[in-house]
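Novice: Here is what each chain is made of, one letter per residue.
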Amino acid sequence: MELLERFAAGDLDSFETLFRQHQKEVYAWIVRIVRDSGAAEDLTVETFWRIYRARARFNPGQGNFRGWARRIATNAALDHLRHARKETELAEDYPAAPQGDSAVRGELRSQLRQAFLELPAKYRLVATLALIEEEPYSEIAEAAGISEALVKVRVFRAVRMLRKKLNSLGVAAAARGTIVL
Amino acid sequence: MNSKMTHQESEKEIKTLLKGALGPVQRAELQRDLWPEMLRRLDAQAQPLRVPWFDWALAAAFAAGLLFYPGAIPALLYHL
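Just so you know, the protein sequences line up as chains A and B, in that order. Counting along the first sequence from 1, when you hit position 175 you're at 175 in the numbering used here, and nothing is skipped either side. Counting from 1 along the second sequence, just add 181 to a position and that's the residue number in the numbering used here.
These aren't lab readings, by the way, just hints derived from the structure by calculation. Errors might be hidden in some of the hints.
[What the hints assert, rightly or not] SDA-like, lysine to any residue: derived pairs with alpha carbons at most 25 angstroms apart: (1) 193/B / 156/A; (2) 165/A / 189/B; (3) 152/A / 107/A; (4) 152/A / 135/A; (5) 24/A / 211/B; (6) 24/A / 208/B; (7) 122/A / 80/A; (8) 196/B / 107/A; (9) 122/A / 196/B; (10) 152/A / 118/A; (11) 152/A / 53/A; (12) 196/B / 75/A; (13) 24/A / 52/A.
[What the hints assert, rightly or not] Restraint-style ranges between C-beta atoms, simulated for each label pair: (14) 187/B / 118/A: 20 to 28 angstroms; (15) 258/B / 160/A: 52 to 60 angstroms; (16) 84/A / 207/B: 16 to 24 angstroms; (17) 38/A / 193/B: 31 to 39 angstroms; (18) 79/A / 251/B: 54 to 62 angstroms.
Quantities reported herein were computed from a predicted structural model and do not represent experimental measurements. Ideal Cβ positions, reconstructed from N, Cα and C, are used throughout, including at glycine.
Using the sequences plus the hints, can you model the full thing?
Specialist: Here it is in structure tokens:
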């Protein structure tokens, strides 16, 4: 019997093998969404726990464990974004880009973070992956279990919301990242 | 067309701003093996729910009370 079939049948050794094969990739995906290494570790375990519980629903014939795991990881990360307290998010794993320090001042940085944190979770998810991580829309769509068109719509809305928030804070941004307070 | 261009420019600006303010994720690579933690989680879930003896005693006392004072049942139901 193949590894995936044994896993789907509930074999713990097969699950361990899959866990060790995919834990780094799942963690790397989650940490890019939640941007907190501690939370990402917890969510990686949570993701595999959900995977283990849902093993009977996995179709070994289809064989796309990676895609399945990524979708579950995305859902776990989305749940975290929905429920985590906004004030405690974006901890030490959100440093400023060194080259931007001269232009992006501390106050503006905190305003931007705040505006970003106030985005609804589903918009923050796509905004993080599309705008900051520059993931292709097709990858985001597959991971989030939505259509590519919906990803585009959510990015569009997220940008509009951020722009509105920044405008209301009196922040105007010109092209190429020059910022005027 | 014009509004599309405006949005594209806006998206570019927001992208630049976000990257400048938030920066790349540090510790993007997993630093330790999470399997021991996974095992603990599996073990914890595998254990049946344990009810402390005191809770059993409390439930028994409550049931006995209702048995000896059945008149209290309507009052109890009323307050539920």
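Novice: Decide, hint by hint, whether the structure agrees.
Specialist: Comparing the hints with the structure gives:
The hinted pair formed by residue 193/B and residue 156/A meets the criterion: a straight-line CA distance of about 11 angstroms does not exceed 25 angstroms. Distance hint between residue 165/A and residue 189/B is fulfilled; the C-alpha atoms sit about 18 angstroms from each other, no more than 25 angstroms. Using a Cα cut-off of 25 angstroms, the hinted pair residue 152/A and residue 107/A is violated, with the two alpha carbons roughly 30 angstroms apart. A hinted pair counts as satisfied when its Cα atoms are at most 25 angstroms apart, and residue 152/A with residue 135/A qualifies at roughly 12 angstroms.
Of the supplied pair hints, the one linking residue 24/A and residue 211/B holds, its CA atoms being roughly 6 angstroms apart against a limit of 25 angstroms. Between residue 24/A and residue 208/B the CA atoms are separated by roughly 12 angstroms; this keeps the pair inside 25 angstroms, and the hint holds. Restraint check for residue 122/A and residue 80/A: satisfied, since their Cα atoms lie roughly 11 angstroms apart, inside the 25 angstroms limit. Distance restraint check for residue 196/B and residue 107/A: the Cα-Cα separation of roughly 18 angstroms lies within the 25 angstroms cut-off, and the hinted pair is therefore satisfied.
At roughly 17 angstroms between alpha-carbon atoms, residue 122/A and residue 196/B fall within 25 angstroms of each other, so this suggested pair holds. Among the hinted pairs, residue 152/A with residue 118/A is consistent with the structure: their alpha-carbon atoms are about 20 angstroms apart, no more than 25 angstroms. With a C-alpha separation of about 32 angstroms, the suggested pairing of residue 152/A with residue 53/A is violated against the 25 angstroms cut-off. Of the pairs offered as hints, the one joining residue 196/B and residue 75/A holds, with about 24 angstroms between alpha carbons and a cut-off of 25 angstroms not exceeded.
Distance hint between residue 24/A and residue 52/A is fulfilled; the C-alpha atoms sit about 17 angstroms from each other, no more than 25 angstroms. Here the CB-CB span from residue 187/B to residue 118/A is close to 23 angstroms, well matched to the stated 20 to 28 angstroms. Our hint of 52 to 60 angstroms for residue 258/B and residue 160/A holds, since their Cβ atoms are close to 54 angstroms apart. The hinted range of 16 to 24 angstroms is satisfied by residue 84/A and residue 207/B, whose Cβ atoms lie roughly 18 angstroms apart.
Take residue 38/A and residue 193/B: their Cβ atoms lie about 33 angstroms apart, and the range 31 to 39 angstroms holds. Between residue 79/A and residue 251/B the beta carbons are some 47 angstroms apart, a value that contradicts the proposed interval 54 to 62 angstroms.
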